[in-house]
Each structure stands twice: as structure tokens, then as C-alpha cells.
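Chain P is fixed; fit chain C onto it per the hints.
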Amino acid sequence: MERILFGDNQFFAVNHISDEKSRAQAIKFKDDHAIIRTLDYAIDAGINTFMCTTHDRISNICDFIRKNPARYEKFSIYPCMPYAHKYANAVTELGVVGALREYTPGNFFGSIFKGGVAYLAKDYLSIMELLVDAELKMFKGIRTPVIFLQNVITDLLLGLGMSDVLKAFHDYVIKKHNAEPGFITMNMPKLLTALNDAGIQNPIICASINKAGFRMSGGKEIYEETLRSKEVRVIAMQVLAGGSISAKEALEYVCSLPNIQSILFGASSQGNIQETASLIHHYDHALK
Amino acid sequence: MLKVALLGAGKMGISHLAILNAHPQVEVVGVCDTSKMTNEFLSKYGKFNCFTDHKVMINEVKPDAVVVAVPTKFHYTIIKDLLEKNIHVFAEKPFCLTADEGSELVKLAALKKLVNQVGYHNKFVGTFREMKKIVNSDALGDIYHFTGEAYGPVVVNKKQDTWRSDPSEGGGCLLDYASHVIDLINDILSPVAESKGSLLKSVYSKNVEDAVYSLLTLSSGVSGVLSVNWSDDTYRKMSTSVTVVGTKGKIISDANELKVYFKEKTPDSYSKGWNVKYVTDLTEEVDYYLRGEEYSAQMDYFARACLGKVPNSINTFESAWYTDRAISLIKKSSSL
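Quick mapping for you: the protein sequence lines, in order, are chains P and C. Position 240 of the first sequence, counting from 1, maps to 239 under numbering that gives the first Met the number 0, and the rest follow consecutively. Position 220 of the second sequence, counting from 1, maps to 219 under numbering that gives the first Met the number 0, and the rest follow consecutively.
Next up, chain C with everything else stripped away, as it sits in the complex:
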């Protein structure tokens, strides 16, 4: 059994807690949150051992691994402390607020040989995994353009006042929504190396951007467009998609559906012209489902990595650091 503790029982934390608690090889040894009400509810009805001070919790319950789901501005200090205590870490995204902080944690985790993972769950979505496979085969020819998009209804009026509206706490569309798209592009194609120019627009928020539009160049030389807006209430929920265009084909994928066009040769199970595959055909069943197979799959992967059963190679701190770096490049190019 892997002894896991949770730090931060907000929206993502509670979801992780349910998934961990249902996992047959995980024992949840502690939960830490600053809200007394949350703790009282979790200990009364869920029989969890709850704390308000994470240092007290770590000393008392001695976990093998910790899931960190607190606001991003606390990530660096807390994760550093956990790694120094030889504890494996799963952190929610985005990883850190500055590339320097992240870089230090990447090195520390490697030095300590600890499992490190960040919650970019799209990498566990069947359609995006398949997309990466196709892009890495040479079936699309020379790739010359990409578009990464995400739209959804998070901030749709002017009365916001939570940590999401505070840039110093990791709020804003760039860190929240756009980070998912950047992370997918980094993974499917290659890491963002340069931002040629960016527009960060406030639609309803006073202090943060609600939309991000950017021209990006990747380390492979391929360039493309990022277009993200979390104030778009024509979407019922977040919708993320990536398009990749090459000389011999084109691929468009979101979390549900993958559409790919091949001009000439095709990989196995595809034919010339348009092909459509659905996530239903590309998803492995999970043992416990909450909100999407990918959430269970990423947590299962983390648990098995801690138990030494799979390599720690998906969503590492290093890959998340590339995303943090792209975020700072975009920010910088918007103020020029």
C-alpha cells in the first residue's frame, strides 16, 4: 500500500481525494486544508484524518507521497519542503509561478530520485495520445503549422473575487486555461521556444486576462497560433483542441473526437482521406470513474510510479517547467 496525503481540499483536491480513496493500492493517511468546515465534513462523513497545518500532518502521518492541490503561489515552498523530506509529489497545474522556482524543483526531484508529476490530465485523454502517435509518425509530411485552442465559461460576468482573479496567486486565463493547451503543444510537437507577439485581453476581469492570443515558435522550428478564452459562454464546459497541419495531411483533435486527413500513405487502421475516431474507441476503462477517465488514469499512473511499477515519464516536473517557461515568454511578449 502507498501512503498518500492530500494538501488542499478545494475543487480539484476533493476530486483527487475521492479517486485516491477508491484506489485499491492507496491508503489516504491525511488531508490538510485551511477551512475548518471542509475538515469537519471530511472527518465526520469520510473518516479522514484532517489537519490545518501541513507540517504537522507530514510529521504525524509520514506519507510516502503527497498530492499538492493548493493555489499555485504556495507550490514552490511546499513542494521543496516535501522533496527535502524524501516524499513523492503530485502537484496540480500550473507548476510554479516563475521558471526559476520550477527549475530548482526539477533538479531537486532528480537528485533525490523522487517521483514527480503535474496534473495536466489531457495527456491521459485517448484522442490526444493518439494524436501524438500520428504526429510522431511521418504520415503528415513536413509539419508547418499548428493551432492550439481552449474556450469555456469560467468568468462570464464582472463580479469575480477569488484567487482566480489575482495574478499573484496564479489566477488568470494564461496560467489556468492556456497552460493546458501549451502543455499539449509542448508534448505533441515540441516545447515552445519563442513568442513572436501576444495579446492578453481582459474581458470581464479587472486584474487578470480573460483571453490569450499568441504567435509561437517551437524548438523544432514549427510555428503556430494559440487562441484561448475563458469568458466564452457559448461553451457549456471547457473545450480544448489542437490542429496540426503538414504537407501530407492534417489532424484536428479535441478531448472527444479526432479527425485526421491523409493525402498519401497512412498509419495502420487509417485510410486515405478523412478518418474520424472517437474517445470511446481510444479510452481504456478505469476501476473508478469521476468526471473523466483521465483523472483516474493520471492518479493511477502516479501511484504505480511511486510503487515502482511504471516509469515516471508522463507529466514530469520537467515537462511542466517547459510550460511555465512558455507562459513567461508569452507574458513578456505581450508587454513589448
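In isolation and in its complexed conformation, chain P is listed as follows:
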């Protein structure tokens, strides 16, 4: 994995501290070209990995990348699935069964759920596999070396004690898609223990890690201890804690931690992208 990964929150009006900024972003990135221009700024700053949700609009971006192979020769995408609001809205609208029917291809769902009960318990995992395939369709022909499960699903399964399902996702991504599985979480120490117990060693985990301790469940100290003592490949996200600490202070902290393989950040302007990338390089060098 590259040291710096570029995120997509800014493109889809995801802002953890301000609804106003979120609307401003929605306006700014109304056109797909604005997204592509910003991705190009990231490439110019030496960042060649884009970590993004499986939002419908990403499929347009994928089309553009496929049509311009020279420009995106070194470019990779780390898809993060599912785009949860799509399913949450579908569940609200159609119920759990209706939502599954909507998103599983063909009449597969109808055939295994006659009378509302799966014939085999294994069929639940088959549904998961079909959903993974469906979410990945848009990336056909683009390098996706790491495939992530979004935090809302990872953390839900973690809370429900369903490590077997996390393991099934892990195994399926390796077997079917020839990629490394990753897990996004707001509960890194707990998740790592659960994954280890399920037989997954040295997993890729993307978690909120920042000087403010924001969204570091159980406390910053447990996170720091986990980074020091456990075998895990970590991507730090929300390093700016939603903008509540200065970029310098925030990045110096993250760069000083052991075991952080990559830093994920998103920004809208060329200036901010370049500044963040050069600050990371600066602290990496200074703290070596």
C-alpha cells in the first residue's frame, strides 16, 4: 500500500462537522469533471491510490479512467462497500427482504428463500457474495488490489459477534477477486481481537486515528498500545479529527505513531492536497 491514499468524502457531501460545508461540497462537485480534476491534482501530488465508496457516481469516474489508460497507468482504486445509505434507504422503503431482492441479481433470492427460510445456512453467505460481486461490477478493468468492508457493516457484525461473516468476506475477496480484504472500523482494538480469534492474521484495518482521540472507541491509549504491540497493517483516517485540530499538529502526531502503513485524507482544493502530502513527507522524513 502507498503511504498516502486519497479519499472521497468531499465528493459526496460527507462532512463530519458542518452541514453547511457539506452543501458547499455538493455544489462544488455537482459535475463528474470536478471530481476528475481533483483526482488529477492528487496524482500530480504523487498520490496514485483512490479509496472510495461504491457510490453510483463512482461508476462514471471508472468509465473515464478506462477511457484514459495512459493518464491512469499507475492508478489504483480501493473500493469500500457497501455505500450504506443506498441500502439503508432501500430497507426503509422496501424492508429487509425487499432490499435484498432489489440488489441480488436475477431470481436467486426468490429461489432460495421460498417460505422465508433459507434452505441451507450457507445461503446467507451466498447472498453476501452476490452483493460483493454486484458492488464490484463498476470497477471492471481497473486495479482494485484492496477491497474494504465499510465501517457501518464491519462494526455491526463486530457488535453482533458475527466474526464468521467477517471471515467469509475476507476469504471471498481473496478467492474470487484476487485482492486483499480490508476492514474499516471505528472500533479498531476490538475488531483486531475478533479478526485474530477468527483466524485472520495481520489484517488491513482502516480506522479513525487522530490526536484529538475523535472516534477512537475505548480511548486513544488503547489504540496506541494496539499499534505498538500487535501485528496489523493500519490505514489512519480522520487524521484531522473533522478539522478540529491544525493540519501540522494532526499530521505530526499520526506520522509519529508506529505501524501506520498509510494515511487516508480527502481535500477539495489543489493547495490543500499539495500541502497535506508535503506535510506527511516532511514529518515522515523528520521523524525517521
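Check each hint, because a few of them may be wrong.
Said to hold, decoys possible - Where chain C lies over chain P, by a calculated footprint (3+ residues, C-beta under 8 Å): (1) 14 to 28; (2) 149 to 155; (3) 183 to 194.
Hints listed in this document are in silico derivations from the structure and should not be mistaken for laboratory results. All residues carry an ideal CB built from backbone N, CA and C; glycine is no exception.
Only chain C this time, still in chain P's reference frame:
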């Protein structure tokens, strides 16, 4: 350990289940849902003890507390039965479909001295808690107006057909979205006492309202506006905000950001003019996070109240009853 059972494993129920299951002082002793598929999945992969009949579950697993996350129309009968069996209750919002039903349950819970809480999670959001603190200090001077708003993309086309589109089951924007805003206004200012006039508009739904616009007067005499629309897809997800205007200042808060203007004197850590605080500065860390700190915080508060460690004073049945009452006042004023 507190023995807790879940009734209703829908969208909110599953989320509560994960939070309860991760709580160190809670043992989940049973889950009840009418869907065989849900039960099969929960028992196979989550090792939960699942039931389809809640009475069978209660008799068998004997919980200390039950989380009720079934459609609102079943709340009254089920909660009454639980209270009579001396079981603490956490109920999803809204509380009941009529003010009379709710009033009976408020009295019964008090008589039985049982912990009672309703899932108005915004009360556990840092920005709204801070807003209440500021409003209750006299830094804003005489308060003369409020605006309560919520917008989001729940019903954005015409093909809906679930319990949310059925008014007799607790569907509709007033019971679902608007109840959150009303509950915040009741808590931050004072309970809604009168509705001067309301518009309940259907945008896409056939049988229920998708938007609520209302002029309200509170028991303190302060008046203001309620504006709620769940068919607004310019929002990515639900966005709730409250504005309070006084003679010496103004405060605007949503779940992420609090902006407050002081003309003269200010509380500690604020200065004259505009001040902005973010939820990141106002949020206490939780042990397990799913969808928002407030969901874990409210469940933790309920568990600790059942274990006698905190008073049962946030989101009580009584406070939720005031919200139910406001809902019926708004309904009544819209048909005049």
C-alpha cells in the same frame, strides 16, 4: 450483569442489539422477531436465542429489561404487559399513538418504580446538550422565538408501501421525523402547549404527510416555527437543527455544529460575538461505536439506570409523552 431482551429486530432493533451485545455489563438473553429469516440469521451467526412470540420469550428468559423496537402501534399493549411483569423498558420513538395510552404507561412505570426510557437519541448529542445549557443560562436574554427543522431523503418517490406509509401504524413524517425536533424543543425550551395552525403536506405519499409546517406556542409562552420535510433529497441523510433567538443573543445548532452569538455577557469559554463549537469537542468517547456516539450513549445510560448507577431522568416516558401530546395538537390544528 443486566439481562436484556430485544423485541423487534428491524433497522433500529439490529443496531440496538449490536450495541447491547458489545456492552460489558449487559447479557443479551433473547431476541424476538416475527421474521423467521432474521431469526435464523441471528441465531446461526450471532448465537442469539431467538423467538417469534414475545410472551414465550419473556417467560422463558426472564429479562431484567427489554428494548422495544416494534412498530409504534404495538407499543402500548406490549409495554403495559412488560411493566406489569416488573421489567424495565427502553422503547423506540415515538412513544405511543395516542396521548391517553402514553399517560397510562407513564403512571404505571412510576407506580412500579421501573426504569423507562424512549429512544430520542438527539438528547445524547453533544451540540444539543451544550445548547440546552446555554439556553438555560440567561446569556441569550429574553427568548422570543425558535425554529425547529429537520430535512432528509426518506420518501423521494411514489412507490412506497411499508408501515411508514400507513398512518395507523405510526408512519408519516410527523410521527417519524418531526417527533425528533419536537422532542428537542420540549427539552431545550419547554413543552409545546398549543399549535396555532399546521400544514401537513403529502409530497409523494398517498396516505401520510411527507412534510409538516406548524406555528407552536410553548408552555413558557415562547412561540416559534416547526418545519420538517422527509422528501427532501438535497440532503444526504437526516439533518436536524434548532435555532433560538433572544434579546441578547442567538443560537443555532445541528448535530455537528453549534453557532452562538452573544451581544453582551457570555458563559465561560465563550466570547462576545459569534462562537462556533463542533461536536468533536463536545462528544464523550464511547466504548463501542455504531452509527453515532449518541446511540451507544443512550443505551449505556439505560443499562446504568437499570443497574441503579444513574438517575432515570433523560428521555423518560413522561418527556416522550409531552412529544406525543404535541403531535396530537399539531394533527388537530391541521384539520381545523
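These are the hints, each one checked on the structure:
Only when three residues or more bring their CB closer than 8 Å to a CB of chain C does the claim for the segment 14 to 28 of chain P stand; here the count is 9, and the claim holds. Interface restraint, the segment 149 to 155 of chain P with chain C: holds (3 residues with C-beta to C-beta distance below 8 Å; minimum three). Given as covered by chain C, the segment 183 to 194 of chain P passes the check, having 3 residues with a CB less than 8 Å from a CB of that chain where 3 are the minimum.
Comparing the model with each numbered hint stated earlier shows that all of them hold.
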